[in-house]
Amino acid sequence: MKTTRRKFLQFTGVAAGASMLLGPKNAFAAAVKNDTSMQYAMLQDTTRCIGCQACEQACCEKNGFPAPETDPETGYERKTGPEALTVINANATGGKSIVFCKTQCMHCDQPACVSACLVNAMYKTKEGPVVWREDKCMGCRYCMVACPYDVPKFEYGSLNPKIRKCVMCYDRIREGKIPACAEACPQEAILFGRRGDLLDIARKRIYDHPSRYVRHIYGEHEVGGTNMLYLAGVPFEQLGFRTDLGTTPYPEYTKTFLYSVPLALLLAPAFMLGVRQATKGKNDKD
Amino acid sequence: MSRTGKVIFTGLIFGGLLVSALPCLFAMEAPEEVKLDVLSNIYDPVVFDHAMHMYMTSCAACHHHTTGLPSEDVKCVRCHATNVQHDEVACTGCHAAGNGRAGQLKETTAGDLFHTETTGLKRAYHLQCLGCHREMEAASGCEDCHTKKASSL
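Chains P and X, in that order, give the protein sequences. Take 1 as the starting number for the first sequence in the working numbering and just add one per residue. Take 1 as the starting number for the second sequence in the working numbering and just add one per residue.
It cannot be assumed that every hint is accurate.
Mimicking SDA-like on lysine to any residue, the simulated pairs with C-alpha atoms at most 25 Å apart in a straight line are [claimed, not checked]:
no.	chain 1	residue 1	chain 2	residue 2
1	P	LYS204	X	ARG123
2	X	LYS106	P	HIS221
3	P	LYS177	X	GLN104
Partner residues aside, some chain X positions facing chain P, computed with beta carbon under 7 Å [said to hold, decoys possible]:
no.	residue
4	ASN99
5	GLY100
6	ARG101
7	ALA102
8	GLY103
9	LYS106
10	GLY120
11	LYS122
12	ARG123
13	HIS126
Since the hints were derived computationally from the structure, they do not count as laboratory data. Small disclaimer: the values here were computed from a predicted structure and weren't measured. No residue lacks a Cβ here, since even glycine has one placed at the ideal position from N, Cα and C.
For reference, chain P alone in the conformation it holds in the complex (with noise of 0.2 Å):
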C-alpha cells in the first residue's frame, strides 16, 4: 500500500486525537474521587496528648521490639526507625508550654511510596491501611525515598533485612480490635474509626472549642488526603509537620509521564515510517 501525505496526515491526527481522549488526565481524574469516609483511619489529638509514651510501648509490645529508650525533649528530634514505628516528640511552642506528638506512616489516600514500589510489595489496602508485603519485596527502598514523611525505614543491621514502617495494626484490625497505640493512650488523643466519622469529630471539636484549636485538621488535604489526620492548638509548622506538601497526590507528579512512555513508544515508529513513506522517491529501495 502506497502511503501519501494524505493518509499519513489522517492517521497521526487520529493518533493524537486518541491519546488526548483517552490520555492520563482523564484516566486519572476517575482515581481522584475515591470516597475514603468509610476507610479506617485515625484521629490524633495533639492539645490531648501528654507524653507519657504508652502508644510506643505498646507498638514495642506488639512488633517484639525493645522498648524505647529515649524520652521525648525539646530541641532533639526523635527519628522513627526499624525498631520504632512510632515516636514522640516534644515541641517547644512560642510562650505556650511543650506540646507532644506523635509520629509514624500518615497512610496516604495515594501513597507515593505504593506508587514507588516495582513489585507491589507496597499496597494500600481497600481498608485504609497502607502495608508493605514481605513476599514481594525486592529490596529497592525506592519508597524510602519516595515517601514525603521519610517514614519507611529499612533493617540495615540485618542479614534478612526488611521495611518497617507502621501498618496501622492491619492485623490487629482485621481480628476487630483496634491499634495499639488507640487501645494504649490513657488520654484518648488517638481514636480509631472511619474517616468520616472521624472528620465529623474533628470538626464538631473545632466548633465546639474553637479557641483551643487552630482551624485545620491536618491530613485532610495534604498530599491527597492520608488517614491520619492530627488536630493542634498551635499552627502545624510549630509542631515539625510538612506543611509544604500541598494538597495534590504524590503519584499524580509522575503518573503524566509515566502514561506518556507508553504512547511515545508507539506514536513515534509510526511517525518515523511515515515520514520515510512521504518523502521515499519512485527508485528508492526499501
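Got chain P; can you put chain X on it based on the hints?
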C-alpha cells in the same frame, strides 16, 4: 441506777450508734478502695483509696450529679437540679472502658445535645484525678500512681 436512768442511758447509746452509722448508711455501697489493674503487666495496680477521698471531699466533686447530692458543676445543675441518686454511680456507668473507637464515641453520644464526646474511662480517671491533684499540689507524676513492677523491664 434508776429505771429512768437506764432508759436514758440505753437511748443515748443507741442514738449515738445511729448517728455514727448514718454516713455509712448513705455510703453503704461505696467501695473502700478501687483497684485499677489494667496495666498490671508493666505496673503495680493503682489502689484508689475511695474511703479516704470520701472523707476529704463531697461525693459530687467527682461523681458529677449521680449520687443525689447537689452537683458542683454549674453545667450539670441546669438539667440535673432534682438530685436523685442514679442507678449507676460508678464511673463505668457513663465512661466506657474500651476507649479509642470513634464509632463507639459517636454512637453513645448520638442524639444527645449535652453529653457530647463523653470521654472513655481511662481519660476520665486521669482528668478527674490529675485535675484535683494538680490543684491541691498533691502527687501528680506518672510514677506516683503507676509504680513500676520490680520484675518488669
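Status of each hint after checking the structure:
| no. | hint | verdict |
| --- | --- | --- |
| 1 | LYS204/P to ARG123/X | 19 Å, holds |
| 2 | LYS106/X to HIS221/P | 23 Å, holds |
| 3 | LYS177/P to GLN104/X | 13 Å, holds |
| 4 | ASN99 | 5 Å, holds |
| 5 | GLY100 | 4 Å, holds |
| 6 | ARG101 | 6 Å, holds |
| 7 | ALA102 | 3 Å, holds |
| 8 | GLY103 | 5 Å, holds |
| 9 | LYS106 | 5 Å, holds |
| 10 | GLY120 | 5 Å, holds |
| 11 | LYS122 | 5 Å, holds |
| 12 | ARG123 | 4 Å, holds |
| 13 | HIS126 | 5 Å, holds |
Of the numbered hints listed earlier, not one is contradicted by the structure.
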